[in-house]
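Generate the whole structure from the sequences, applying the supplied hints.
Listed below are the residues making up each chain.
Protein chains: 2
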Amino acid sequence: MAGPQGKNEQGRVTLKAIATLSGVHVSTVSRALNIGTRSMVVPSVAERVIKVADRLGYRPDNTAISLRTGESKLIGIILPDIANAVFAPILSGASQRFSALGYSVIVADVGNDAAQQLDFVSRLAARRVDGLILATVSRKDSLVSFCVDRQIPSVLVNRAEIGSRLSAVTSDDALGMQIAVDHLVSLGHKRIGHLGGPMNLSTGFLRRQGFVKAMASRGLNKTDLIIANASAYSRAAGATAARVLLDAHPKLTAIAAANDLLALGAYDVMQERNLFCPADISIVGHNDMMLMDMVNPALTTIRISHKEMGRQSADLLVEIIGNSKKPVCKIVLPPELIVRNSTGIPRSLAPAS
Amino acid sequence: MAGPQGKNEQGRVTLKAIATLSGVHVSTVSRALNIGTRSMVVPSVAERVIKVADRLGYRPDNTAISLRTGESKLIGIILPDIANAVFAPILSGASQRFSALGYSVIVADVGNDAAQQLDFVSRLAARRVDGLILATVSRKDSLVSFCVDRQIPSVLVNRAEIGSRLSAVTSDDALGMQIAVDHLVSLGHKRIGHLGGPMNLSTGFLRRQGFVKAMASRGLNKTDLIIANASAYSRAAGATAARVLLDAHPKLTAIAAANDLLALGAYDVMQERNLFCPADISIVGHNDMMLMDMVNPALTTIRISHKEMGRQSADLLVEIIGNSKKPVCKIVLPPELIVRNSTGIPRSLAPAS
Chain A
1 MAGPQGKNEQ GRVTLKAIAT LSGVHVSTVS RALNIGTRSM VVPSVAERVI KVADRLGYRP
61 DNTAISLRTG ESKLIGIILP DIANAVFAPI LSGASQRFSA LGYSVIVADV GNDAAQQLDF
121 VSRLAARRVD GLILATVSRK DSLVSFCVDR QIPSVLVNRA EIGSRLSAVT SDDALGMQIA
181 VDHLVSLGHK RIGHLGGPMN LSTGFLRRQG FVKAMASRGL NKTDLIIANA SAYSRAAGAT
241 AARVLLDAHP KLTAIAAAND LLALGAYDVM QERNLFCPAD ISIVGHNDMM LMDMVNPALT
301 TIRISHKEMG RQSADLLVEI IGNSKKPVCK IVLPPELIVR NSTGIPRSLA PAS
Chain B
1001 MAGPQGKNEQ GRVTLKAIAT LSGVHVSTVS RALNIGTRSM VVPSVAERVI KVADRLGYRP
1061 DNTAISLRTG ESKLIGIILP DIANAVFAPI LSGASQRFSA LGYSVIVADV GNDAAQQLDF
1121 VSRLAARRVD GLILATVSRK DSLVSFCVDR QIPSVLVNRA EIGSRLSAVT SDDALGMQIA
1181 VDHLVSLGHK RIGHLGGPMN LSTGFLRRQG FVKAMASRGL NKTDLIIANA SAYSRAAGAT
1241 AARVLLDAHP KLTAIAAAND LLALGAYDVM QERNLFCPAD ISIVGHNDMM LMDMVNPALT
1301 TIRISHKEMG RQSADLLVEI IGNSKKPVCK IVLPPELIVR NSTGIPRSLA PAS
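Taken in sequence, the protein lines are chains A and B.
Counting along the first sequence from 1, when you hit position 208 you're at 208 in this note's numbering, and nothing is skipped either side.
Counting along the second sequence from 1, when you hit position 157 you're at 1157 in this note's numbering, and nothing is skipped either side.
Just so you know, not all the hints are guaranteed correct.
[As the list claims (entries may be wrong)] DSS-like mimics (lysine-lysine), calculated; alpha carbons at most 27 Å apart, straight line:
| # | chain 1 | residue 1 | chain 2 | residue 2 |
| --- | --- | --- | --- | --- |
| 1 | B | 1326 | A | 73 |
| 2 | A | 307 | B | 1307 |
| 3 | B | 1307 | B | 1073 |
| 4 | A | 140 | A | 190 |
| 5 | A | 140 | A | 330 |
| 6 | A | 330 | A | 73 |
I should point out that these hints are in silico values taken from the structure, not numbers from a laboratory.
Below is the structure:
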C-alpha cells in the first residue's frame, strides 16, 4: 500500500502511486519504467509515466530486479593490496570498462592470507556477484578451486595459476626478463644477478624462469646463476634480498629485478653501501609503475600494460558471463623495454675518467 | 521446489533440501543458519543443519535478505581517479574498516565530470547502497545536493564543501600551508611562491588561503603575492603553472605547492631551465604520497594521514547509517612536516663555495 506521498513503509515511491497520478494501470507503469518493455506502451503514455516517476523521486529497485532476473550486474574485483600502485591502473582499466558495460564493481582488498581471501569471496558469492576478477592468485590457489567448484564466472589478471582452470590476462613475464637481460648484455654486462619475486606467485616464478633462460641463451650460465628471491613485492623485502645478493656476489655489475619495488629496495642498499647506480651496478626494474621516471636515477624498466590488462580482463569476464561454455582462454600481453638512467656500460668497459 | 541435488532452477541450494537431509522443519533450518536467530535452536540441531548446509554448498541469499531488512550492507565509495596515488590509501583505510564492520564496498571511478558523477551515484542509489563516501566533491557540489535531497547517508573525505550539509573528514589544509611557509621562512626565504591547486576544490582553495594567511602573519605580503593556480592536480598542470610562476617572478627562491604532483611538475620545469633544487629554488609539496622519498631530490612535503582519513570516514558513515539524526560533524586531522632534500637555505644566504 502506498503511504503518505506515495511512499511505502521503507520510504520508497511505489509503482501504485505513480499509476494513480498518471491515470494508468500499475502494470503499464511497470512496463513504461523498464527499458526492455517500454516499447509495449504508447509513447505519450510512457513519457507521462516517466515524468511522474521523476517528480516523485522514484528509484528502480535493483534488489527486486536481481531476484527476478537472477543477475546482479555486480562484479567483484579481488586485490591483494589496494594501496600497491601496481593495482591502481588495473583496477582503473577494469572498472571503467565494467561501468561502460553496465556493471558495478565491488572492490575487496583481501591481503595475501588464503583463509581471509576465501572468507571475502564467500561473502561476495553470497551477494550473488555475476563474476569475479582475481588479482590475488598464487600458482596453486584455493580461491581458484572455490570459484571453479561453484561455477562462478572468473578471470585471473596479472597473476596466473600453474594449471588452466580459469581464463587469465597477464603480461608475458618470461619475455619481460628476456628483454631486460638482453638490454644488460648489449651494454656489455656478464655478471648479472636476478632479484626474484615470491616463488609462489606466477609473476615471480615466470620472471625467474625467463631470467634463467635468457642467461642460458647468451651462454652466461656457465658458472652459478646469481639469484636471490624476495619474500614479497615490497621495497623492504627487495632491500633484504639485495643485501643477500651483494654479500654473496660483490662483483656483479648488473641486476635484473622482478619488480620495480624490489629495484627500489636495491637502490636503498646501494645507498647504504656507497655504491652508485649505474656506475657501480646497473639496475632494471619490471612494471614501470607510476613515478619510475622521477626516482633517482630514473629507473630503466619493463613496462607492462596494466590498464589494458584491466580492460581485457573485464571484456573477457563479460563474455564468460554471457556464455558459460566459453573455453578457458589465456591472453598474454607483450611488455616493452623503457630505457632510463639506471643502466649503463659496466665500469670495466667505461672510458677512464 | 528443490530440483536435482536439492537445488532450485537458479542452481541454488534450497532451505527445503537442507531441511529434508537434516530431518527438521524448514523454519528450523532458517533459524539455525541465521546468526541472529540461531540461539532459538537446540545447539546439536543447529550444528547438524550447518554441517548439511556446508556439505551441499549452501550460500545465504543476501539479495533476499536485503529485501526483507531494507539494508544492503553495501557502501559506495566515489573517487575522481582511482589511478591517482593519493586515493589508494584513503580507499585502503576505508575498505578495510568497512569490511571489519560487515559492509562490502562498491568503488566507482567517476572522473571529474559532474553529469557523469550524478549518473553513477543514481545507479548506486538504485542498488540501495546503505551509504556513500564521496572523495570527489567541489566546493559547491550537485552530488551533495543529490545525496541530501534523497537522504542518502553520506560522508565527504579529503575534499569538503563550502557549506556544512554533510559530515566530512579532511586534513587541516590551511594549517598545512602555514607549516610549509613557516619551514621556508625559518630557512631564510622571503620571496616564496604558491603553486595552487584547482580553486573549485576545497583543498586548493583552503591551501591557498593558508598560504596567504601565513605570508601575512610573517609580514611577507607587503608586495604582490606570488601565486599561480594549476587547473588540475597533475604533474602536467603543475608544470604549466610553474612556468607561469617562474616567468612572472624569476627571482623567487622557494615554492610551496598545494600538492606533490604539482611539486613534481615544478621539478620538470626546473630541469627544462637548468635550475637546481634546492640550490636555486626550494620546493615543498603537500600530501607525502608514495615514493616522495625516492624522487630526485627527495621531496620535503606536508604529510596528511590518508589511511586514517579513510578509516575515520568509514566509522563516521556507519554511525550516520545507524542514527539518521546524528548532527553534521567535521573531523579535521592535523598534517605533519616531513623535511627531505628539496628545501635548503636561499643562495643569497649560502656560504660562498
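Hint check:
1. B/1326 <-> A/73: At roughly 33 Å apart (the allowed maximum being 27 Å), residue 73 of chain A and residue 1326 of chain B break the hint.
2. A/307 <-> B/1307: Holds: residue 307 of chain A and residue 1307 of chain B sit about 24 Å apart, inside 27 Å.
3. B/1307 <-> B/1073: holds, 22 Å
4. A/140 <-> A/190: With a Cα-Cα distance of about 34 Å, the restraint between residue 140 of chain A and residue 190 of chain A is violated, given a limit of 27 Å.
5. A/140 <-> A/330: The given pair, whose Cα atoms are some 17 Å apart, holds under the 27 Å limit.
6. A/330 <-> A/73: holds, 24 Å
The structure fails to meet hints 1 and 4 from the earlier list, while all remaining hints are met.
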